[in-house]
Amino acid sequence: MSSKATIYSFLFMGLAVTALLIVAPVAYAVSLSFYQMDSFVGAPRFVGLDNYARMLSQWVFWRALINGFIYSLGTIVFQVVLGIGFALVLNQVFPGRNIVRGLSILPYLLPTVVVVLTFKWMVDGSIGVLTKVIAALGLPPVQWFESPGAAMASVILVSVWMWTPFVTTTFLAALQTVPSSLYEAAKVDGTNAVQRFFHITLPMLKPILTVIVLLRAVWMFNKFDVIWLLTQGGPVGATEHLAILSYKQAFGQFDIGGGAAVATISFAILSVAVFIYFRLFPLDTE
Amino acid sequence: MAEVRLKQVRKAYGAAVAVHGVDLDIRDGEFVVFLGPSGCGKSTTLRMIAGLEEITTGTVEIGGRDVTRLEPKDRNIAMVFQNYALYPHKTIYENLAFGLRMRKMERAEIDRRVRSASTMLGLDPYLERKPKQLSGGQMQRVALGRALVRDPDVFLLDEPLSNLDAKLRVRMREEIARLHQEVGTSMVYVTHDQVEAMTLANRILIMRDGHVQQVGAPLEVYDRPANLFVAGFIGSPEMNLVDGHIAGTVARCGALSVPLPPDAGAAEGSEVVLGIRPEHVTVAEGPGARPFHVAVIEQLGAQTLCIGDVDGVRLKVLMDRSDAVRHGTTLPVQFRPERLHVFLKQTGLRVNRAGAREGQRPAA
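Those protein sequences? They're chains A and B, same order as listed. According to the working numbering, numbering within the first sequence proceeds without interruption in unit steps and concludes at 286. According to the working numbering, numbering within the second sequence proceeds without interruption in unit steps and concludes at 1364.
No wet-lab data here; the hints were simulated from the structure. Computed from a prediction, not measured in an experiment: that's the story for all the values here. Heads up, a few of these hints could be off.
Unchecked claim - In silico DSS-like links for lysine-lysine, alpha-carbon gap of 25 Å or less:
(1) LYS206/A / LYS1132/B
(2) LYS206/A / LYS1130/B
(3) LYS1130/B / LYS1090/B
(4) LYS206/A / LYS1090/B
(5) LYS187/A / LYS1316/B
(6) LYS187/A / LYS1090/B
(7) LYS187/A / LYS1130/B
(8) LYS132/A / LYS120/A
(9) LYS1104/B / LYS1090/B
(10) LYS187/A / LYS1132/B
(11) LYS1073/B / LYS1007/B
(12) LYS1104/B / LYS1073/B
(13) LYS187/A / LYS206/A
(14) LYS187/A / LYS1073/B
(15) LYS1073/B / LYS1090/B
(16) LYS1104/B / LYS1130/B
(17) LYS1132/B / LYS1167/B
(18) LYS1090/B / LYS1132/B
(19) LYS1345/B / LYS1316/B
Said to hold, decoys possible - One-sided excerpt, in silico: chain A residues whose CB lies under 7 Å from chain B:
(20) LEU182
(21) GLU184
(22) LYS187
(23) ASP189
(24) GLY190
(25) THR191
Unchecked claim - Over the 10 Å line for every Cβ pair with chain A, so calculated as not near, a few chain B residues:
(26) GLN1082
(27) ALA1085
(28) ALA1255
All C-beta atoms, glycine included, are put in the ideal place defined by N, C-alpha and C.
Just chain A, with the same shape it has in the complex:
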């Protein structure tokens, strides 16, 4: 086989796998949104854009959209700020640094259900350690999953706890690529530690920061398992975002077309957001 034929055969295989695993499911999901179906075995009826019109006219959709933004923004801000902070600490030289670095990644390695159950035990009304601490401090008990604000705070807290180590590890790796001579030059140039962070560390981390924020935003906007396991979108829809709404609509209400419409809108929002994001923060390709 000539080298050109080899190249094309690999290219074709790659495209075929992409089509099979990505394009086909997306196309199928989008196509579902144009039909009325109450199950995957019944006969679908083409309804055009009716599912979109119906979902967009319901306030639960807009509430889920806003909840999605609150959840994504909250988790990203805390994950990035804490992730950079921890990375800066773990980048220092101190006794037992390697052990602490190893431990810091642990929450990310645990299955989501373990993290969620651990948190539920921690806030259990009678035996939870957080409940006891709050009581010992003389503070009023927190209704972790009963009040809308506390429920959203809980899902954000657990998500931050679980995925900050990923951000920390990524930033720690990036920090180690910053030449120490830049910090030394900045010291000679008269900077203090804060100035060095803003003038050296942050600009040097910018390429990785751009990617991390984007990845976390996409993952968090679509995050299903943590919220489902903690609150199932409750109380009264306070933590229900588009992914949960789509699931409930399709498999709770047996409105597969409506669920697919929500998922398609979510996909479109993310696509537009990614496009705008890369226009605002282009990756350095020089």
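Guided by the hints, dock chain B onto chain A, whose structure is given.
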């Protein structure tokens, strides 16, 4: 501008001692080069002057002020790093201006200084570019410019030309020499390249394993190396070092007898090492000439380096270019006692005091 004084400056990392007490007075406006092989402590000493390395014991004074425990920013020094250490996300203008901005200097004064340095170093066309858009030589000029705008008491340069190719290194060397003449500020320069040291320095400090071996003017260390290490380190091609012992007015090295200078400084029978620079062996007939059998020839262009044997002793001989010399050629060679270096084998220290300069001849 200021003088720099190092008093018993020592650096230890736990039990490992990197620098064993350096004493040095650098005069105002002087160009001092720290020279030595990798790991000898020269960069560590420079970094202690800069404040980038904590001083274990001893003191550093700059301009009469004890700066031993001060932060780098409070020492009024400027430093040029081996890998330039330019801020990659800032333009050349911003790189040059950064140190001044951090010192809250007036914007107009910053602009004046940046443009003045940029003109002096030929950087005007590149001010809006980012470092990675420049060549190695241009980046090194920016690094020099960043030091220059600060108008510091002393410039510290840590192997600034190591990352450049040979041709560019020569050009930048000239530029640094010109810069020193123009600004007249004290400079401390670290290198392992003896040519850089010889051409740039007012004085050279030679180090080995954290110990100062010798401090002196370039020709002084070339003419009168204090010990075997300096003798072997300074000079290219390397000095011939031949074991022997004192026997009257000559040193006997196996079958070879080399006439000694009058002030050889070693007792009869002492075990010595003779230092004979390849360029100080005269290829000429005459009384006392010995046959030199050429084994290897290295043509250097203007000169010819021959490696061969004289009375069973392997020597390098550097002479004016000779196209006729071949493997197996025998040449008559003479040794000039006034250019001979005598070191005691036991201590490695130089024992003949004078060590003549070029053109000097032994007393009749």
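Comparing the hints with the structure gives:
1. LYS206/A / LYS1132/B: holds (17 Å)
2. LYS206/A / LYS1130/B: With a Cα-Cα distance of about 16 Å, the restraint between LYS206/A and LYS1130/B holds, given a limit of 25 Å.
3. LYS1130/B / LYS1090/B: holds (6 Å)
4. LYS206/A / LYS1090/B: holds (13 Å)
5. LYS187/A / LYS1316/B: violated (48 Å)
6. LYS187/A / LYS1090/B: At roughly 16 Å apart (the allowed maximum being 25 Å), LYS1090/B and LYS187/A satisfy the hint.
7. LYS187/A / LYS1130/B: holds (21 Å)
8. LYS132/A / LYS120/A: holds (14 Å)
9. LYS1104/B / LYS1090/B: holds (18 Å)
10. LYS187/A / LYS1132/B: holds (22 Å)
11. LYS1073/B / LYS1007/B: holds (21 Å)
12. LYS1104/B / LYS1073/B: holds (13 Å)
13. LYS187/A / LYS206/A: Satisfied, since the Cα-Cα distance of roughly 21 Å is no more than 25 Å.
14. LYS187/A / LYS1073/B: Distance ~6 Å between LYS187/A and LYS1073/B Cα, so the pair holds.
15. LYS1073/B / LYS1090/B: holds (20 Å)
16. LYS1104/B / LYS1130/B: holds (23 Å)
17. LYS1132/B / LYS1167/B: holds (21 Å)
18. LYS1090/B / LYS1132/B: holds (10 Å)
19. LYS1345/B / LYS1316/B: holds (21 Å)
20. LEU182: holds (6 Å)
21. GLU184: At about 5 Å, which falls below the 7 Å cut-off, the nearest Cβ of chain B leaves the hint on GLU184/A intact, so it holds.
22. LYS187: With a minimum Cβ separation of about 5 Å from chain B (threshold 7 Å), the hint on LYS187/A holds.
23. ASP189: Hint on ASP189/A: holds, closest Cβ of chain B at ~4 Å, below 7 Å.
24. GLY190: Cβ of GLY190/A sits 4 Å from chain B, so the hint holds.
25. THR191: Since the shortest Cβ distance to chain B is 5 Å, the answer is holds.
26. GLN1082: violated (8 Å)
27. ALA1085: Not fine: 4 Å to the nearest Cβ puts ALA1085/B too close to chain A.
28. ALA1255: holds (55 Å)
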